[in-house]
Amino acid sequence: MTEELRIGVFICHCGINIGGVVDVPAVVEYASTLENVVYAERNLYTCSSEGLEAIKSAIHEHELNRVVVASCTPRTHEPLFRATCKEAGLNPYLFEFVNIRDQCSWVHMHEPEFATEKAKDLVRMGVAKAARLEPLEELTSDVIPSAVVIGAGISGMTAALSIAKNGFYVHLIEKGSEMGGLLRRLYKLYPTEELAKEFLEQRIKAVEEHERVELHLSSSIKDVEGYVGKFKVILDENGVEKSIDVGDIIVATGAKELEPEGLYEYDGEKVITQLQLEEKLRREDLNRNGIENVVMIQCAGARGEVVKYCSKICCMNAIKNAKLIKEANPDINVFIAHNELQAYGEEYELYYRDAKKAGVRFLRFPLEKRPKVRKSDGKLVVDVFHERLLMDIPLEADLVVLSTPLVQNPDAEKLSKMLKVPLGQDRFFFEAHVKLRPVDFATDGIFLCGTAQGPKDIEESISQGYAAASRATIPLAKGYVSSEAIISSVDEAICVGCGICESVCPYGAVEVVETEEGRRAKVTGVKCKGCGTCGSSCIKRAIKMQHYTDDQLIAQERTAFVTEREVVS
Amino acid sequence: MEDKAVLVIGGGVAGMQAAFDLAEAGIRVCLVERTLSVGGRMAQLDKTFPTNDCAICILAPKMMDCYRHENIEVLTLSEVTAIEGEIGSFKVKILRKSRFVDEDKCNGCGDCARVCPMGILNKFDMDLRVRSGAYIPFMQAVPLIYALDRDKCMRCGLCEVICGKDAIRYNQKPEIVERNVSAIIVAIGFDPLDPSGLTEYGYGKYDDVITALEFERLICAAGPTGGHVIRRDGKEVKRIAWIQCVGARDTRDNRPYCCSVCCMHATKEAILTKEHNPEAETFILYTDLRCFGKGFQEYVNRAEDDYGVKYIRGKPGEIKGKENKILEIFYSPSSDKVEKLEVDMVVLSTALIPSEGVEALAEILGTELDEYKFFKLKDPYNPTGTTRAGIFVAGYCQAPRDIPECIAHGSAAASRAMEVVLGGSYDRRA
Ligand SMILES: Cc1cc2nc3c(=O)[nH]c(=O)nc-3n(C[C@H](O)[C@H](O)[C@H](O)COP(=O)(O)OP(=O)(O)OC[C@H]3O[C@@H](n4cnc5c(N)ncnc54)[C@H](O)[C@@H]3O)c2cc1C
Ligand SMILES: Cc1cc2nc3c(=O)[nH]c(=O)nc-3n(C[C@H](O)[C@H](O)[C@H](O)COP(=O)(O)OP(=O)(O)OC[C@H]3O[C@@H](n4cnc5c(N)ncnc54)[C@H](O)[C@@H]3O)c2cc1C
Ligand code: SF4
Ligand code: SF4
Ligand code: SF4
Ligand code: SF4
Numbered sequence: 001m002t003e004e005l006r007i008g009v010f011i012c013h014c015g016i017n018i019g020g021v022v023d024v025p026a027v028v029e030y031a032s033t034l035e036n037v038v039y040a041e042r043n044l045y046t047c048s049s050e051g052l053e054a055i056k057s058a059i060h061e062h063e064l065n066r067v068v069v070a071s072c073t074p075r076t077h078e079p080l081f082r083a084t085c086k087e088a089g090l091n092p093y094l095f096e097f098v099n100i101r102d103q104c105s106w107v108h109m110h111e112p113e114f115a116t117e118k119a120k121d122l123v124r125m126g127v128a129k130a131a132r133l134e135p136l137e138e139l140t141s142d143v144i145p146s147a148v149v150i151g152a153g154i155s156g157m158t159a160a161l162s163i164a165k166n167g168f169y170v171h172l173i174e175k176g177s178e179m180g181g182l183l184r185r186l187y188k189l190y191p192t193e194e195l196a197k198e199f200l201e202q203r204i205k206a207v208e209e210h211e212r213v214e215l216h217l218s219s220s221i222k223d224v225e226g227y228v229g230k231f232k233v234i235l236d237e238n239g240v241e242k243s244i245d246v247g248d249i250i251v252a253t254g255a256k257e258l259e260p261e262g263l264y265e266y267d268g269e270k271v272i273t274q275l276q277l278e279e280k281l282r283r284e285d286l287n288r289n290g291i292e293n294v295v296m297i298q299c300a301g302a303r304g305e306v307v308k309y310c311s312k313i314c315c316m317n318a319i320k321n322a323k324l325i326k327e328a329n330p331d332i333n334v335f336i337a338h339n340e341l342q343a344y345g346e347e348y349e350l351y352y353r354d355a356k357k358a359g360v361r362f363l364r365f366p367l368e369k370r371p372k373v374r375k376s377d378g379k380l381v382v383d384v385f386h387e388r389l390l391m392d393i394p395l396e397a398d399l400v401v402l403s404t405p406l407v408q409n410p411d412a413e414k415l416s417k418m419l420k421v422p423l424g425q426d427r428f429f430f431e432a433h434v435k436l437r438p439v440d441f442a443t444d445g446i447f448l449c450g451t452a453q454g455p456k457d458i459e460e461s462i463s464q465g466y467a468a469a470s471r472a473t474i475p476l477a478k479g480y481v482s483s484e485a486i487i488s489s490v491d492e493a494i495c496v497g498c499g500i501c502e503s504v505c506p507y508g509a510v511e512v513v514e515t516e517e518g519r520r521a522k523v524t525g526v527k528c529k530g531c532g533t534c535g536s537s538c539i540k541r542a543i544k545m546q547h548y549t550d551d552q553l554i555a556q557e558r559t560a561f562v563t564e565r566e567v568v569s
Numbered sequence: 001m002e003d004k005a006v007l008v009i010g011g012g013v014a015g016m017q018a019a020f021d022l023a024e025a026g027i028r029v030c031l032v033e034r035t036l037s038v039g040g041r042m043a044q045l046d047k048t049f050p051t052n053d054c055a056i057c058i059l060a061p062k063m064m065d066c067y068r069h070e071n072i073e074v075l076t077l078s079e080v081t082a083i084e085g086e087i088g089s090f091k092v093k094i095l096r097k098s099r100f101v102d103e104d105k106c107n108g109c110g111d112c113a114r115v116c117p118m119g120i121l122n123k124f125d126m127d128l129r130v131r132s133g134a135y136i137p138f139m140q141a142v143p144l145i146y147a148l149d150r151d152k153c154m155r156c157g158l159c160e161v162i163c164g165k166d167a168i169r170y171n172q173k174p175e176i177v178e179r180n181v182s183a184i185i186v187a188i189g190f191d192p193l194d195p196s197g198l199t200e201y202g203y204g205k206y207d208d209v210i211t212a213l214e215f216e217r218l219i220c221a222a223g224p225t226g227g228h229v230i231r232r233d234g235k236e237v238k239r240i241a242w243i244q245c246v247g248a249r250d251t252r253d254n255r256p257y258c259c260s261v262c263c264m265h266a267t268k269e270a271i272l273t274k275e276h277n278p279e280a281e282t283f284i285l286y287t288d289l290r291c292f293g294k295g296f297q298e299y300v301n302r303a304e305d306d307y308g309v310k311y312i313r314g315k316p317g318e319i320k321g322k323e324n325k326i327l328e329i330f331y332s333p334s335s336d337k338v339e340k341l342e343v344d345m346v347v348l349s350t351a352l353i354p355s356e357g358v359e360a361l362a363e364i365l366g367t368e369l370d371e372y373k374f375f376k377l378k379d380p381y382n383p384t385g386t387t388r389a390g391i392f393v394a395g396y397c398q399a400p401r402d403i404p405e406c407i408a409h410g411s412a413a414a415s416r417a418m419e420v421v422l423g424g425s426y427d428r429r430a
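Protein chains in written order, with the numbering used here: chain A, 1 to 569; chain B, 1 to 430.
For the record, the hints were derived by calculation from the structure and aren't laboratory data. Among the hints, a few may not be true.
[Claimed, not checked] Below, a list of computed lysine-lysine pairs in the DSS-like style, where the Cα atoms sit at most 27 Å apart: (1) A/LYS369 with B/LYS315; (2) A/LYS197 with B/LYS376; (3) B/LYS378 with A/LYS188; (4) B/LYS325 with B/LYS310; (5) A/LYS280 with A/LYS197; (6) A/LYS414 with A/LYS232; (7) B/LYS340 with A/LYS369; (8) A/LYS56 with B/LYS337; (9) A/LYS256 with A/LYS478; (10) A/LYS188 with B/LYS376; (11) B/LYS274 with A/LYS435; (12) B/LYS337 with A/LYS369; (13) B/LYS325 with B/LYS315; (14) A/LYS205 with A/LYS270; (15) A/LYS205 with B/LYS274; (16) B/LYS340 with A/LYS56; (17) B/LYS378 with A/LYS478; (18) A/LYS86 with B/LYS315.
[As the list claims (entries may be wrong)] Just so you have them, the derived chain A footprint on chain B, three or more residues with Cβ under 8 Å: (19) 74 to 83; (20) 226 to 238; (21) 292 to 301; (22) 315 to 324; (23) 399 to 405.
Where is the CB? At the ideal position from N, CA and C, for every residue including glycine.
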């Protein structure tokens, strides 16, 4: 290194958060004795505008070329301090964060001396690393201003139309021969009770008529390459292969109803699913004459029977169909055997009350004692264990309807591998963060919506469709994406092309390619998130993680085990 | 280009998400928040179901991202007072109330708060903690700018003397500012129902009958008791019961709706109680357990199987106080029996109702509310469209929903606003 190292250290009191435990002045004094440190000070709040000004003026005044801040946590504050260095003309990656709040004052709240000693150790380590930091640049790359939406159910149609209305071109890809998804098979919709057919008609028309939506029916995805801003999607459209270049991708592939093979005497005729009932109602081929009693069984296959989860929509759906049957033929007895009833929110609770008023009978069973279906004298009988009477109530039934949960499509696994996005334990697509990022995948540029993410009703599927459209519009409208500066790089002279790195990278950022020297790993910068997984698994140590290089980390570790006296002297 | 902006009213999770998406897409946003800080109700929570993520820890970076975004102007302590115009060109008047502190000068050091002799109950802590007259509502408040509570302040002058930044302004006047925007998103959230009127629960009569939002503050490590679940007399709570649907699913006050989140927040609060004190006994008295979201059933299973939370079906008729501050809950698990449960704390999962002032705001905006004062949708399957073109709605103020649903709804409203601003392809009729 030719340039003289001039490190500045800023230690934060964080009010009393750190200062109440750690002896901050002592840490400052200690820091100023460390090698290459030309300046050290303390701030009440380093992140306040005053603290930030102090960093900037110290950079100028003392010609600092490395900055170390010891304070709360990089998770919330690193971007701020990096930006401050940048404002003062210093490369933002010549900044090192030392966490003395979470790691000192919080965990050693009752041992202030140890907390102070540890703070000194961590500062010493931070300074050692700072001395070896290298300037880094963030990469930017252009975005192709169009999107692909996979699945033309109501959520995918909504997403596609909204992106188109936002001004961008959309390819809507559907494996079936028509748009509409599961709703094509339904009769009427709760809570409005409008016909599914009419509901779809106007919405399909709006998508078809929009100049910026290109529809690909009877199409399946064969392969996906690339990364945010530059995806290449290979399609098989009616037997013809097509290649589409887009900026981002939305997964809206929906879900299907669980087929209750082997449960509750299911036969598809007298014991059917809700979807089969809807199809009968839609085609008007439910022979109501022979029916006196209908029994619906909730949670059939759900909540611990086949799948663990509650499917959210089947209670309301049963209530809807029960109510429709009852209203059309008040003489038919309709029972719903249920455990909990998911009549959540504003409208559904009222709808549930309406069904009660219409004469639908509700019977509650404990989850440990689910109903049983048996045949007696050629008749179907459903035994429902009565929660209060503590005995089975036999209900004769001419038709048994099983409310089975929504489950993931079988081909979702293939799609998840092609896109390199995960499925959760429930087999639904797994979003980036359960609370904060409901329609994003962890991989940039890929989003999800509708029942592909988990069971939900139409309103929520539409809400997520719009949400995914908003998230997908962002890179398209910006026109560029910027990526991390902290990424990995491969030393081709050392790499032997074994491919371990490729197999461990969760973002698909490393690939082994043929070069003139033979097979070598190659990193795609904008895909890399800097997680370091590849680097730690390379047996040849051919991968260098910027900002966490072997050189930097080893220096940091070495100094960790040196006592204070040795360093000072 | 001044009119290529969007106004977002309410800085809870839903409003912040909407603002952030728009700003990232290059659209300028004015975010108007009524209180001193963005964050909304989520900032008051301890953890969040079903992952038990610390609420403020995951929210604070989002609050900062919003506040620091070059395309977002955050106006706190502000309210919309008038709008004119129509979709594509609204003119909005915003009242900026006084903080009595110069926003550009204050660096949030808190010296003023330390010298102020006043003691005032902090609303953010559900009145369970005292703050001074110069204050921020909570540590992670964004922006980190203090304010004086001039209703209570006796103008002793101490803060003015101590403030090293010369930021105190006793005579600051409120201001009206105007902004031109193409679209508006309303995201003003909810308030918890005050259960004093439902006398059978004894709220206000017995010290240790509290609301769920009060409980969230109690169990929060940064809250008034440092995270200790204690009774008003300082004793540790050993047996604690949650009562569900308090004032909700109740036709008495025309609140028949289900609030959608309380079954799960009670489950969460019971789990957290057990994590703090595995010896504690926890009971949840409910009518129907609403565990419909992603991972919720699994969460309830964990509460029962791993933590031993007891779910009891039955709606309490009455709560009575006994000696030693024991509370007796009378409930009927079946129609012909009445059972009794003795506990030392009762948490009421109260109904969540539209925010105070919702009617006045709806009037200003010219949008309709439904029977329960949630923002009415023009089309039930168009979940962010209000009855007025160009005005969209997000989050709990449209209908009950939990945090991830509020966030998706916030993004959804953003896309509708993008259609207006970016696409220009809007239909003036709707
Ligand atoms: C019996 C029943 C009744 C219901 N009744 C109601 C009701 O009354 N009210 C209500 O609100 N909700 C109801 N629902 C829920 C409703 O059906 C869903 O909310 C809705 O269908 C979700 O829409 P979606 O677009 O996410 O998924 P889907 O409707 O499942 O659409 C997904 C689309 O993606 C396509 N696709 C899948 N994989 C691929 C692939 N790899 N490549 C290309 N395309 C692919 C599929 O062919 C399909 O067209 C009901 C559900 C059931 C099962
Ligand atoms: C006790 C309790 C526990 C909960 N726990 C969880 C949980 O663990 N997980 C979960 O997912 N959900 C939970 N929830 C639900 C969650 O709090 C809500 O879903 C979410 O906070 C709603 O967000 P919002 O943005 O719609 O509204 P809010 O968070 O209420 O935000 C609205 C914002 O608008 C502002 N505002 C109001 N009126 C005006 C006005 N006129 N002008 C300007 N600004 C205004 C408010 O000050 C506020 O900042 C819980 C709720 C409660 C009551
Ligand atoms: S929605 Fe109802 S029927 Fe469906 S799994 Fe949940 S509780 Fe069971
Ligand atoms: S693991 Fe190392 S040696 Fe193997 S391909 Fe990757 S970089 Fe090359
Ligand atoms: S003393 Fe002054 S600078 Fe410090 S918080 Fe109070 S008003 Fe702001
Ligand atoms: S979520 Fe649970 S507690 Fe809340 S109103 Fe609905 S049923 Fe009652």
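Right, here's what the structure says about each hint:
| no. | hint | verdict |
| --- | --- | --- |
| 1 | A/LYS369 with B/LYS315 | 23 Å, holds |
| 2 | A/LYS197 with B/LYS376 | 25 Å, holds |
| 3 | B/LYS378 with A/LYS188 | 20 Å, holds |
| 4 | B/LYS325 with B/LYS310 | 22 Å, holds |
| 5 | A/LYS280 with A/LYS197 | 14 Å, holds |
| 6 | A/LYS414 with A/LYS232 | 17 Å, holds |
| 7 | B/LYS340 with A/LYS369 | 26 Å, holds |
| 8 | A/LYS56 with B/LYS337 | 73 Å, violated |
| 9 | A/LYS256 with A/LYS478 | 36 Å, violated |
| 10 | A/LYS188 with B/LYS376 | 23 Å, holds |
| 11 | B/LYS274 with A/LYS435 | 22 Å, holds |
| 12 | B/LYS337 with A/LYS369 | 22 Å, holds |
| 13 | B/LYS325 with B/LYS315 | 22 Å, holds |
| 14 | A/LYS205 with A/LYS270 | 37 Å, violated |
| 15 | A/LYS205 with B/LYS274 | 54 Å, violated |
| 16 | B/LYS340 with A/LYS56 | 66 Å, violated |
| 17 | B/LYS378 with A/LYS478 | 31 Å, violated |
| 18 | A/LYS86 with B/LYS315 | 60 Å, violated |
| 19 | 74 to 83 | violated (count 0) |
| 20 | 226 to 238 | violated (count 0) |
| 21 | 292 to 301 | holds (count 8) |
| 22 | 315 to 324 | violated (count 0) |
| 23 | 399 to 405 | holds (count 6) |
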